Amino acid sequence: MDLSSINPVFLIASLMVAATPILLAAIGEMVVEKAGVLNLGVEGMMITGAVCGFIIAVETGSPALGFVCAALGGAVLSLLFGVLTQYLMSNQVATGLGLTLFGLGLSALMGQGYVGIKAPPVPRLDLPVLSDLPVVGPILFSHDAMVYLSVALVAAVWAVLKYSRAGLILRAVGENHDAAHALGYKVIRIRLLAIMFGGACAGLGGAYLSLIRVPQWTEGMTAGAGWIALAIVVFASWKAGRVLLGAYLFGGITVLQLNLQAAGVAIPVEYLSMSPYLITILVLVIMSADRSRAALNAPGSLGRVFHATS
Amino acid sequence: MIRLEKRPTPSRAWAAATPVLAVLATMIAGGLLFAALGKDPFAAIRIIFWDPLFHEQFAAYSRPQLLVKAGPLILIAIGLSLGFRAGIWNIGAEGQYIMGAICGAGAGLAFYPSESILIFPLMVLAGALGGWAWAMIPAILKTKFGANEILVSLMLVYVAENVLASVSSGLLRNPEGHGFPGSRNLQQWGASANPELIAGSGMHWGVVAAFIAVIFTYVLLTRHILGFQIRLTGESPRAARFAGVNPARLILICLGLSGALAGLAGLFEVTGPAGQISIDFGSGYGFTAIIVAFLGRLHPVGILLAGLLMALTYIGGELAQLMLGLPSAAIQLFQGMLLFFLLAMDVLSNFRIRLGKAEVA
Numbered sequence: 001m002d003l004s005s006i007n008p009v010f011l012i013a014s015l016m017v018a019a020t021p022i023l024l025a026a027i028g029e030m031v032v033e034k035a036g037v038l039n040l041g042v043e044g045m046m047i048t049g050a051v052c053g054f055i056i057a058v059e060t061g062s063p064a065l066g067f068v069c070a071a072l073g074g075a076v077l078s079l080l081f082g083v084l085t086q087y088l089m090s091n092q093v094a095t096g097l098g099l100t101l102f103g104l105g106l107s108a109l110m111g112q113g114y115v116g117i118k119a120p121p122v123p124r125l126d127l128p129v130l131s132d133l134p135v136v137g138p139i140l141f142s143h144d145a146m147v148y149l150s151v152a153l154v155a156a157v158w159a160v161l162k163y164s165r166a167g168l169i170l171r172a173v174g175e176n177h178d179a180a181h182a183l184g185y186k187v188i189r190i191r192l193l194a195i196m197f198g199g200a201c202a203g204l205g206g207a208y209l210s211l212i213r214v215p216q217w218t219e220g221m222t223a224g225a226g227w228i229a230l231a232i233v234v235f236a237s238w239k240a241g242r243v244l245l246g247a248y249l250f251g252g253i254t255v256l257q258l259n260l261q262a263a264g265v266a267i268p269v270e271y272l273s274m275s276p277y278l279i280t281i282l283v284l285v286i287m288s289a290d291r292s293r294a295a296l297n298a299p300g301s302l303g304r305v306f307h308a309t310s
Numbered sequence: 311m312i313r314l315e316k317r318p319t320p321s322r323a324w325a326a327a328t329p330v331l332a333v334l335a336t337m338i339a340g341g342l343l344f345a346a347l348g349k350d351p352f353a354a355i356r357i358i359f360w361d362p363l364f365h366e367q368f369a370a371y372s373r374p375q376l377l378v379k380a381g382p383l384i385l386i387a388i389g390l391s392l393g394f395r396a397g398i399w400n401i402g403a404e405g406q407y408i409m410g411a412i413c414g415a416g417a418g419l420a421f422y423p424s425e426s427i428l429i430f431p432l433m434v435l436a437g438a439l440g441g442w443a444w445a446m447i448p449a450i451l452k453t454k455f456g457a458n459e460i461l462v463s464l465m466l467v468y469v470a471e472n473v474l475a476s477v478s479s480g481l482l483r484n485p486e487g488h489g490f491p492g493s494r495n496l497q498q499w500g501a502s503a504n505p506e507l508i509a510g511s512g513m514h515w516g517v518v519a520a521f522i523a524v525i526f527t528y529v530l531l532t533r534h535i536l537g538f539q540i541r542l543t544g545e546s547p548r549a550a551r552f553a554g555v556n557p558a559r560l561i562l563i564c565l566g567l568s569g570a571l572a573g574l575a576g577l578f579e580v581t582g583p584a585g586q587i588s589i590d591f592g593s594g595y596g597f598t599a600i601i602v603a604f605l606g607r608l609h610p611v612g613i614l615l616a617g618l619l620m621a622l623t624y625i626g627g628e629l630a631q632l633m634l635g636l637p638s639a640a641i642q643l644f645q646g647m648l649l650f651f652l653l654a655m656d657v658l659s660n661f662r663i664r665l666g667k668a669e670v671a
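Line by line, the protein sequences are chains H and X. The opening residue of the first sequence carries number 1 in the working numbering; numbering runs sequentially from there. The opening residue of the second sequence carries number 311 in the working numbering; numbering runs sequentially from there.
Just so you know, the hints here were simulated from the structure itself, not pulled from any lab data. Treat each hint with caution, since some may be false.
Have a look at the derived ranges for each label pair, beta carbon to beta carbon [to be verified]: (1) X:Gly500 - H:Glu59: 32 to 42 angstroms; (2) X:Ile535 - H:Gln261: 49 to 59 angstroms; (3) X:Asp590 - H:Ala262: 47 to 57 angstroms; (4) H:Ala262 - X:Ala326: 40 to 50 angstroms.
One side of the interface only, derived from the structure: several residues of chain H facing chain X at Cβ under 8 angstroms [said to hold, decoys possible]: (5) Leu88; (6) Val93; (7) Ala108; (8) Ile188; (9) Ile190; (10) Leu193; (11) Ile253; (12) Leu256; (13) Gln257; (14) Leu258; (15) Asn259; (16) Gln261; (17) Ser273; (18) Leu278; (19) Ser288; (20) Phe306.
Remember, it's a predicted structure, so these values are computed and weren't measured experimentally. Don't be surprised by glycine CBs; every beta carbon is placed ideally from N, CA and C.
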């Protein structure tokens, strides 16, 4: 066992890379839940995004185009969920589960011919001067564009929800859809848009896995990342800033356990690999234990079916 | 303009008709999918739904497989349906299935190579307890801390898969297995074997347990106060609380029962068709059972039929893989589609479709 082989600077830098897919999916899901919709299909949308992005990037050689198509793929798949839950008023929990099962099958089918191929490399966005700074340089300023985009996206979601009229309307729809409907807001349309945004974000997160983090396509490669993203939304009590915190926390645990595996710690590999899931549970328990606060923060209409009677 | 009008009570006729319609719609959409993959859609549908039962060459092999596959699906789905009815979402059945198998196999292997007839009952008990205990984790975290049972139970699937990987190459590894991962073959050890009860039927103890569970659940839901409480909680949690239903107790019971049944399914699988604990023991039954539960309308008899149908698509899918080179993922997609169509058609049983212009609100 050689713990000195773990370089803290490198650890923090790779933490951001490990956290980005979960962060992207979680921030999208937070917007969806803020609109009062519980989409449990994050895992399915992520893996569909992963395979769409990978195929397009391999075929065109352009990772950027891959990310665009991954977002599109995720959004289209989420639209399926949107139509079912919003127009056909199906149960959101069951439909979300269905979306995950469907997405896993779809991605496995689409990705058949792409197993074992390497994705085209994504250039790092080296910023002159900043990247050369000691310690801070490798941690903050030597990542690919998606890492920065994900952080910018969190900031944008935070600002839009807090300061803009659109954000206010979105929150109103999520808090009380009947009241929002009475005020003349198009509840279903707004929710569909939010669902598509969530799908696009999950797709981006998936593509980040298949194009940058791994970077390969394997069946079922998201391995629960979508579910962890869902847990992070609860952990963050529906606040954008805390989503960032939560995602980086999980990224840190994932990277740390991988580093411990590589360093040959005396703990069996299986126990290290299960640690991110166990810690997710632990965090969920801690966050949910304070019932009054959890209930205050959850959007009022979360998971409820909206049917305009008048 | 199409308008939807909520029915005062869900239509029973439509509730019974929608699964059939959903299967038909899935056949059509699946046919289109297979055509897009360059396979003959009619041949594919016939191979999936007809040949496993009636093909003169393959049917002799695949007919018994029907019960072998349907047994665990029905057993798990029956347990899940109890919770789903009450709005308690246990989606970690796959993990409970794995833990049941590990605990059961572990309890049995502790007595290897004894040939006592008490070993198999002990294993059954340990399997049920293993699944029950694994399901108690989300149940207790939910009742004590309000942690979301969907997320916790699902996270525990990944934990269980890691435990499985660990024990199959460590604790339960066959000492005479030349270092290969995987436990002793339980099927070949008389005391733990779960053999075919009637030759050529595929009937093993797990299938018997599934049938018993169907009957037991039917009686529970229609005749017992607990069944009434489960149904009441699902339809109106507020009314249930006024009627004196203890929600925490219901969560513990529903999750516990579904966990125990999933654990049993795992135990019967590991002692029968699978034969040993190995890394790839988890086969996704726990997730497919979710589709089975919904396809069966959360009704015991419906689940029995749905489990048989879903088993048919498994076997048919394997046949189609063999005969048409259809990818195995296509069948997974096919099953996912089935759930979607079913959920989409639910609108027909809950709402009335009215044609005509809606008045301005």
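Structure-based check of each hint:
One distance hint, 32 to 42 angstroms for the beta-carbon pair Gly500 (chain X) and Glu59 (chain H), is violated here, with the actual separation near 56 angstroms. Checked against the hint of 49 to 59 angstroms, the pair Ile535 (chain X) and Gln261 (chain H) passes, with Cβ atoms roughly 52 angstroms apart. In this structure, Asp590 (chain X) and Ala262 (chain H) break the distance hint of 47 to 57 angstroms, their C-beta atoms being roughly 25 angstroms apart. Roughly 57 angstroms separates the CB atoms of Ala262 (chain H) and Ala326 (chain X), a value that falls outside the hinted 40 to 50 angstroms.
The beta carbon of Leu88 (chain H) comes within 4 angstroms of a beta carbon in chain X, closer than 8 angstroms, and the hint placing it at the interface holds. Taken as an interface hint, Val93 (chain H) checks out: its beta carbon lies about 6 angstroms from the nearest beta carbon of chain X, inside 8 angstroms. Because the smallest distance between the Cβ of Ala108 (chain H) and any Cβ of chain X comes to about 3 angstroms, under 8 angstroms, the interface hint for this residue holds. The restraint placing Ile188 (chain H) at the interface with chain X is violated, with a minimum CB-CB distance near 12 angstroms, outside the 8 angstroms limit.
About 16 angstroms separates the beta-carbon of Ile190 (chain H) from the nearest beta-carbon of chain X, more than 8 angstroms, and the hint is not met. At about 21 angstroms, the closest approach between the beta carbon of Leu193 (chain H) and any beta carbon in chain X exceeds 8 angstroms, and the interface hint on this residue is violated. Taking 8 angstroms as the C-beta contact cut-off toward chain X, the hint placing Ile253 (chain H) at the interface is violated, the least distance being around 13 angstroms. Of the supplied interface hints, the one on Leu256 (chain H) is violated, with its beta-carbon coming no nearer than about 17 angstroms to a beta-carbon of chain X, more than 8 angstroms.
Contact between Gln257 (chain H) and chain X, as hinted, is not supported at the beta carbon level, the nearest pair being about 11 angstroms apart and thus beyond 8 angstroms. Here the hint on Leu258 (chain H) is broken, as its CB sits about 14 angstroms from the closest CB of chain X, past 8 angstroms. The interface hint given for Asn259 (chain H) is broken, as the beta carbon of that residue sits about 18 angstroms from the closest beta carbon of chain X, more than 8 angstroms. Restraint check, Gln261 (chain H) versus chain X: the minimum CB separation of about 12 angstroms is more than 8 angstroms; hint violated.
Because the closest C-beta pair between Ser273 (chain H) and chain X is about 5 angstroms apart, less than 8 angstroms, the hint holds. Nearest Cβ of chain X to the Cβ of Leu278 (chain H): about 6 angstroms, under the 8 angstroms cut. The hint holds. A hinted interface residue such as Ser288 (chain H) counts as satisfied when its beta carbon comes closer than 8 angstroms to some beta carbon of chain X; here the least separation is about 4 angstroms, so the hint holds. Contact between Phe306 (chain H) and chain X, as hinted, is not supported at the beta carbon level, the nearest pair being about 12 angstroms apart and thus beyond 8 angstroms.
Taken one by one, the earlier hints fail for this structure at numbers 1, 3, 4, 8, 9, 10, 11, 12, 13, 14, 15, 16 and 20, listed in ascending order.
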